Amino acid sequence: MIDIQLLRADLNGIAERLAGRGFSLDAQAFLALEAKRKAVQAETEELQARRNAQAKKIGQAKGRGEDVSGLMAEASGMGDHVGALQAQLEEIQRAQHDFLSAIPNLPHESVPRGTTAEENVQVRVWGAPREFGFPVKDHVDLGEGLGQLDFSAATRIAGSRFTLMKGDLARLHRAVAQFMLDVHGREHGYTEIYAPYLVNAQSMFGTGQLPKFEQDLFMVPRGDEKWYLIPTAEVPVTNMVAGEILQQGSLPLRFVCHTPCFRSEAGSYGRDTRGMIRQHQFDKVELVQVVEPALSHAALEELTGHAETILKRLELPYRVMLLCVGDMGFASAKTYDIEVWLPAQNAYREISSCSNFEAFQARRMQARFRNDKGRPEPVHTLNGSGLAVGRTLVAILENYQNADGSVSVPVALRPYMGGQERLTRGG
RNA sequence: GGAGAGAUGGCAGAGUGGUCGAAUGCGGCAGACUCGAAAUCUGUUGUACGGUUCUCCGUACCGGGGGUUCGAAUCCCUCUCUCUCCGCCA
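Take the first sequence: its position 361, counted from the start at 1, is 361 in my numbering, and no numbers get skipped.
Just so you know, these hints were derived from the structure itself, not from any lab.
It should be emphasised that the depicted structure is a prediction, and the values quoted were computed from it without experimental measurement.
Do not rely on the hints blindly, as some may be mistaken.
Okay, derived cross-link-like pairs now, BS3-like style, lysine-lysine, Cα gap no bigger than 27 Å in a straight line [said to hold, decoys possible]:
#1 Lys166 with Lys137
#2 Lys373 with Lys137
#3 Lys226 with Lys212
#4 Lys36 with Lys212
Taking CB as the label site, the calculated pair distances span [to be verified]:
#5 Gly79 with Pro252: 48 to 54 Å
#6 Lys373 with Asp216: 38 to 44 Å
#7 Pro211 with Lys312: 45 to 51 Å
#8 Gly20 with Ser76: 52 to 58 Å
#9 Gln5 with Asp216: 29 to 35 Å
#10 Lys373 with Arg414: 51 to 57 Å
#11 Ala15 with Lys373: 43 to 49 Å
#12 Glu45 with Glu350: 47 to 53 Å
#13 Phe213 with Glu91: 22 to 28 Å
Note that beta-carbon positions come from the ideal geometry of N, C-alpha and C, so glycine has one too.
Construct all of the structure, not just a fragment, from the sequences and the given hints.
Quick look at the structure:
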């Protein structure tokens, strides 16, 4: 949620900054709504004050044993009038809330201009793609060749965009997640969280998935209520601080959480149809930080570095991209994507997205801390994949493949595989 | 799934129609006493929105929503959640 004070103070300036990310702010609608709100709110509150004063007078007169029928007659009708005004005010406020809810976050000043992914800026590259002395296979051929990846079973059981793994590959998948949790939890100081996979609409609103992006989610109805399968652990974990007023000394909060993630992938029908790059269900280890505003951009650098550590330890080549304004998500003020090298695609592919949401989510969630003046102020929230487990597995398969179709286990993961060094057919 | 009891400020806990944003205690903050601390005493201490603008003022909020009333923390309806007992279950 954008700060309404900013719109009041500098409407045109804000509209201009939002235009950069392809959002056209209806300034006239805002001004009209604001004027109406101001008038109705002033009138409502004034009448409420008069009604309260009158009711108080009646009470006091009654206490003295006086006749109050005259006072009561004066007051009759005031209640209905107040009610009507309140209803009107609520409607205006709801409209204003809806208006604000649909506005994306303001990009940070360090974010480059641009409208598409082509204009993202490469920040750094780590590692060099390996030279294979043989024709490389993609992860589907490798996994199926090992007899450990079965898309036809997954399709039979659920449908397209689902994965079924068996044996050593399933174990390696688990090892990857365990490894990430251990590095972030034990070395980077994140507190491990286990959280609900189904959340209510309010939580989805808090992190910005609702109301605009309901079509991207799996919704689970229960009576009149709706639950949603989480598209990322960001949702339950960030909402841990919803409605809270945190003590300054308790910040920063750092959480790591491994969950499955569920995405409808509506509107991406033709993309990445082969393999496990784009699935309805995938595992991810998510990093979340809740910090003081002044420190949030330093925290984004730190968090991104924590995600990169995983790729370094796994010795997978990657690059870090700073997203341009047009390619950023709705709630983000600044985003780095980490892209891992996939030999079969001869390309870098996204494996992590690290964002600073500044106060955008905090305002929606009412997540605050007590600042130096002792006043409640919205915190800043950040998150990043640390990393997407399925895509990490894809990267391992493709980068660690051998000429005979077997796959070496990265050294860092061997302790999680009972020392096993290789995935081979029948394993 | 069945039966019962609850939900009040950071916490505990009063308050069954009017001067209640809410007693009291604890905690927090400030001050007094003290060389300092403890104890004691005094004062103070919620959030949101709006107006004004760094000073105050107004409105709302006693689990959520709705109703009765001139007036609701208090009465009525409803939902959610918590606790106890029984059943079931991983």
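Quiz item: Any of the earlier hints contradicted here, and which numbers?
Solution: Checked against the structure, the hints that fail are numbers 2, 7, 11, while the rest are satisfied.
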